[in-house]
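K.L.:
Here the protein sequences line up with chains A and B, keeping their order.
My numbering puts the first residue of the first sequence at 1, with every later residue one more than the last.
My numbering puts the first residue of the second sequence at 1001, with every later residue one more than the last.
Quick caveat, the hints were computed from the structure, so don't treat them as lab data.
Misleading hints may appear alongside valid ones.
Calculated cross-link-like contacts (lysine to aspartate or glutamate; reagent style EDC-like; alpha-carbon spacing at most 20 Å) [unchecked claim]:
#, chain 1, residue 1, chain 2, residue 2
1, B, Lys1267, A, Asp166
2, B, Lys1189, A, Glu101
3, B, Lys1063, B, Glu1051
4, B, Lys1189, A, Glu75
5, B, Lys1267, A, Glu125
6, B, Lys1170, A, Glu125
7, B, Lys1189, A, Glu197
8, B, Lys1189, A, Asp166
Far from chain B by the CB rule (all over 10 Å, computed), these chain A residues [to be verified]:
#, residue
9, Glu50
10, Gln81
11, Val147
12, Pro161
Computed from a prediction, not measured in an experiment: that's the story for all the values here.
Where is the CB? At the ideal position from N, CA and C, for every residue including glycine.
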Amino acid sequence: MTLLDASDLRRVYGDSCGDCVELTGDAAGTNQCPECGAVVACADVSLDVEPGEVLGIVGESGSGKSSVAELLALERATDGQASGDVRLDGHDGNLLDADYETRHRLRNGAVGLVHQHVRDGLNLEFTGGGNVAEKLLAAGWRNFGDVRDRVRDLFEETEVPVERMDDPTETYSGGMQRRVQIARALATDPDVVILDEPTTGLDVSVQARVLDMFRRIQREEDVAAVVVSHDLGVVRLLADRTLVMRHGRVVETGLTDRVMEDPHHEYTQTLINSVI
Amino acid sequence: MTDAGADAADGTEPAAAAESGTQISATSVADAVDDLSGEGLSGYNYAYLDEHTKREVRRAILKGIAIPGHQVPFASRPMPLARGWGTGGIQASLSLLGPDDAFKVIDQGSDESVNAANVRRLAETTAEVETTTDTTEADVIQTRHRIPEEVLDEDQILVLQVPITDALRKVDSSDAANRRRHAHANYGKMWVHLYENVVEWGEIQIAARYPAMVAGRYLMDPSPIPRWDLPKLDDADNLFVFAAGREARIYAVPPHTDVEPLAFEDKSFQVERFPDQSCHSCGSTDTYLTEIETEEGTESDGGDRLYVCNDTSFCLKRQDDPGLAKDHHLDREGVDWGPGTPGGPAGADRDELAEGDGGDDA
Chain A
1 MTLLDASDLR RVYGDSCGDC VELTGDAAGT NQCPECGAVV ACADVSLDVE PGEVLGIVGE
61 SGSGKSSVAE LLALERATDG QASGDVRLDG HDGNLLDADY ETRHRLRNGA VGLVHQHVRD
121 GLNLEFTGGG NVAEKLLAAG WRNFGDVRDR VRDLFEETEV PVERMDDPTE TYSGGMQRRV
181 QIARALATDP DVVILDEPTT GLDVSVQARV LDMFRRIQRE EDVAAVVVSH DLGVVRLLAD
241 RTLVMRHGRV VETGLTDRVM EDPHHEYTQT LINSVI
Chain B
1001 MTDAGADAAD GTEPAAAAES GTQISATSVA DAVDDLSGEG LSGYNYAYLD EHTKREVRRA
1061 ILKGIAIPGH QVPFASRPMP LARGWGTGGI QASLSLLGPD DAFKVIDQGS DESVNAANVR
1121 RLAETTAEVE TTTDTTEADV IQTRHRIPEE VLDEDQILVL QVPITDALRK VDSSDAANRR
1181 RHAHANYGKM WVHLYENVVE WGEIQIAARY PAMVAGRYLM DPSPIPRWDL PKLDDADNLF
1241 VFAAGREARI YAVPPHTDVE PLAFEDKSFQ VERFPDQSCH SCGSTDTYLT EIETEEGTES
1301 DGGDRLYVCN DTSFCLKRQD DPGLAKDHHL DREGVDWGPG TPGGPAGADR DELAEGDGGD
1361 DA
């Protein structure tokens, strides 16, 4: 049974001339329409995730990875036109067409998102614990003791010092903020977690600890995940299957080992050869 | 009022006025004022506001009643006092009052504050209403930051002056974002505020403007009434109208509406506690008390620490009849109205009430 099933995801920024999708993409070598200048952030992206599976999405900057992540996480479109079909096991219909309340409820329950930018994901004036508690409180938890215990457990699980949980989040280090985001995403026992660049901006040793921590929790909780990263190492470490994106299109897909060892697409070959 | 002006102005020629557009034939300011006031109050519409304005305010009130706790915009006219001094309350009161009504105005429990007296006089002269200080006799009561101790009934309307209409502004200064939160009943941020409050203080420390859910749907700022008064909003017999002149918003709690203060299951809403205190004037132990300064100064200056009832009108009644119940004027007995409603020995059960029933009532 497929847990998350997405098809024909598309996001276009700017006034589209109608032929943008045909005029852009990997074959055209650009994601900006030569006719009208609209940017096709992603198009024709289809993917599915099984329960407990980790799907990796790699690609260079601007290849449309984050746009796909936002669509999968049911984030509200602030601009541009989005279309496509996202289905989650146990929920009826195309969730991209669902009303705000349904998407809001899902985002506080079944779907967790770790944002690329900390400021999008956390309220830095709140305490670290408050940020995690917000997810629980929005999901209807009304017992202070229960909320407190759950936040403490999550802090221990994600290896954030528990004695710092009542300090403002802006006083946390970058690695701690990233962990708090992961704790927040996991707070309500979601079915699937979307991680957008989970290690960007962290130094290598902290990256390793955050990835180890996430891999351990992911296996323990058996939560499905979509990991978006420009870093092949991250995807190699975490993902069972991998999608390679370029110019807003998926150019190659397969088991992570296969993609890494035997890349078919020319771009994937370049990408893997260029790893320092 | 004109005497002092007349003395000062006597003897000066109104030459400047004569040269400008308006011709004033009088030789003194006093005469000029007399000329101008010839029309007097008859130049004003009944109850100061014009009929269209009153109709608009009434419509806003009706809409507010239809959607309990929802903030309804209205035009908010300039009034003869500064915005923030009760202009919203006056507009609501004057739109509701008719010539047969009795009007009471209280300012933080007192009928005699300058602002309350002035608002009362404005209604008296323009709407020709009776005014009263007796809560039980009033048809419309305009109040700043208190709900009377005596139980209001279904024929009465309480108009509350509101300085800040949105409870969410405490957690986000963006009104646009807050309107979206209200539309989606998304109050997570306010709950985090409460959570962090408990983390910091061990209990919820919000002195006034305590946020409450109205009819299970809208989060409402109940105006800066003390927590003591908040349980009175729940399932009351009377209509509550909240009006903010500066922010041009009206909202309402209709009779018998659920009003639930935000609180955790294990960190309940609590009203103010006055352990072992009673009113210095009437001896009441079941009313909201305020500390007063004696002639020797406050406690720190060597004076006594004295408490008196905040609701002066009820305190005067209690001084005549110490056993007077808060629901003495109603047919029914034991009407639930806020904390400390009589029923046990005075003073003995209030801490208990404050700890337990205060939360349960809510």
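K.L.:
Looking back at the numbered hints, which does the structure fail to meet, lowest number first?
P.N.:
5, 7 and 11
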